[in-house]
Amino acid sequence: MTIQECYRQLGGDFAQVEKELGSAGLVKRFIGKFLNDGSFSDLCIAMAGGDRDKAFRAAHTLKGVSGSLSLTSLHSSVSQLAELLRAESENIPAGADLLFEEVKRDYELTASVIRAFLDSDHR
Amino acid sequence: MRIAVCDDNEIHRDIMEHLLNRYSSERSISFELVPYEYGMNFLYDMEEGAYFDAAFLDIYMEDAMGNEIAHKLRAMGYQGEIVFLTASPDFAIESYDVNAGGYLLKPPNYEKLKMVMDRITRNIDPCTYHIRQRTTVTKVVYHEILYIESSNSKCILHTESGGAYTVYKTLNTIEEELDDRRFLRCHQSFLVNMDHIKQVEKQFLLSNGDIVPIRQRGVKLVRQAYMDYVSSKATVL
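Protein chains in written order, with my numbering: chain Z, 1 to 123; chain S, 1001 to 1237.
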């Protein structure tokens, strides 16, 4: 799998991220780091625990990271979730669970494609 | 220049480091970059007397909010630049309270960073060349100088922004005064800033489209000097 193919499968914009970071080598290095990024798991924990503030911060961070790496599909769904979670309130607002399911699907797809790419690259 | 980058996310810190290294190389300005995962650690270092010219602060950090850190910095008497990093422009108004030098919206890219850095390095007084004209002194930052050409007994200094300043000195004198390795005497009448060279063939093509000639005798030496300069600047990935 080439990195371009990897980005195509996960619904990302390789041309944009290559332009921002300057080289395919750097893009590869950063998407490797993405797999170790903790913001998605922080989001899952916060959503499970009903902590709106922590969930917002995690979603906000994940929005930033996915945007920086032009992981467009994931960036789109997590941005919507972050906006919904932004309003100050005790509890997680209605509708967030549904959006969260979408984020989970997009994240799982993105992560599995990246893993497959990195595996194929090492062989 | 000493720059602090505070962001609780490792990928964001690494991207900022990468972009700042690229800026450093392109502008021939050297930085010492200190990354912070926790805003509070940055404050502790400042309390201990650490010095920074600029601080890039993420707004939503795990242990503190970037705008709160900024208020505390100013209360401590911090005079350096503050730039907020964020994925959303929530605190645009707050940035005026702390006299922030700018706002970098995530995802950060090189063009945005360059605009912010060009503005703040102007305030931090990097290498500047002073041109005295009658009663005024014009300061031109080194990285804005494209090239200088001599004509009769005077020289014309060309800048990135389209300026052309007359300097009543010989090119030899100006070269000595600048005393900076990025300037190459590529021709009897031309001194070029190698950071602005886009292409080299029989002449130098600059980023703004201007052409700077290379002396006929010793063409290879001039080209080699340019190549050596470029490879000495190459960032290791």
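There's no promise every hint is true.
[Stated by the list, open to error] Simulated restraints on C-beta separations:
hint : chain 1 : residue 1 : chain 2 : residue 2 : range
1    : Z       : GLY22     : S       : GLU1175   : 27 to 37 Å
2    : S       : TYR1103   : Z       : ALA116    : 50 to 60 Å
3    : Z       : ASP97     : S       : ARG1074   : 38 to 48 Å
4    : Z       : GLU88     : S       : LYS1233   : 47 to 57 Å
5    : Z       : THR2      : S       : CYS1127   : 37 to 47 Å
[Unchecked claim] Facing chain S, a subset of chain Z residues (Cβ under 7 Å, in silico):
hint : residue
6    : LYS63
7    : ASN91
8    : ILE92
Note that these hints are calculated values from the structure, not bench results. Bear in mind the structure is a predicted one, so any value in this text is a computation, not a measurement. Positions of the beta carbon are idealized from the N, C-alpha and C atoms, including for glycine.
Here is how each hint holds up against the structure:
Taking the beta carbon of each, GLY22 of chain Z and GLU1175 of chain S are about 32 Å apart, inside 27 to 37 Å as hinted. Checked against the hint of 50 to 60 Å, the C-beta distance between TYR1103 of chain S and ALA116 of chain Z comes to roughly 38 Å, which is inconsistent with it. A hinted range of 38 to 48 Å for the beta carbons of ASP97 of chain Z and ARG1074 of chain S is consistent with their spacing of about 41 Å. For the hinted restraint 47 to 57 Å between GLU88 of chain Z and LYS1233 of chain S, the CB-CB distance of approximately 48 Å keeps it satisfied.
Taking 37 to 47 Å as the suggested C-beta distance range, the pair THR2 of chain Z and CYS1127 of chain S conforms, at roughly 43 Å. Given the 7 Å rule on beta carbons, the hint for LYS63 of chain Z holds: about 5 Å separates it from the nearest Cβ of chain S. The beta carbon of ASN91 of chain Z comes no nearer than 20 Å to any beta carbon in chain S, farther than 7 Å, and the hint placing it at the interface is violated. Below 7 Å, beta-carbon pairs count as interface contacts, and ILE92 of chain Z has none with chain S, the closest being about 17 Å; its hint is therefore violated.
When held up to the earlier numbered hints, the structure conflicts with 2, 7, 8 and fits the remainder.
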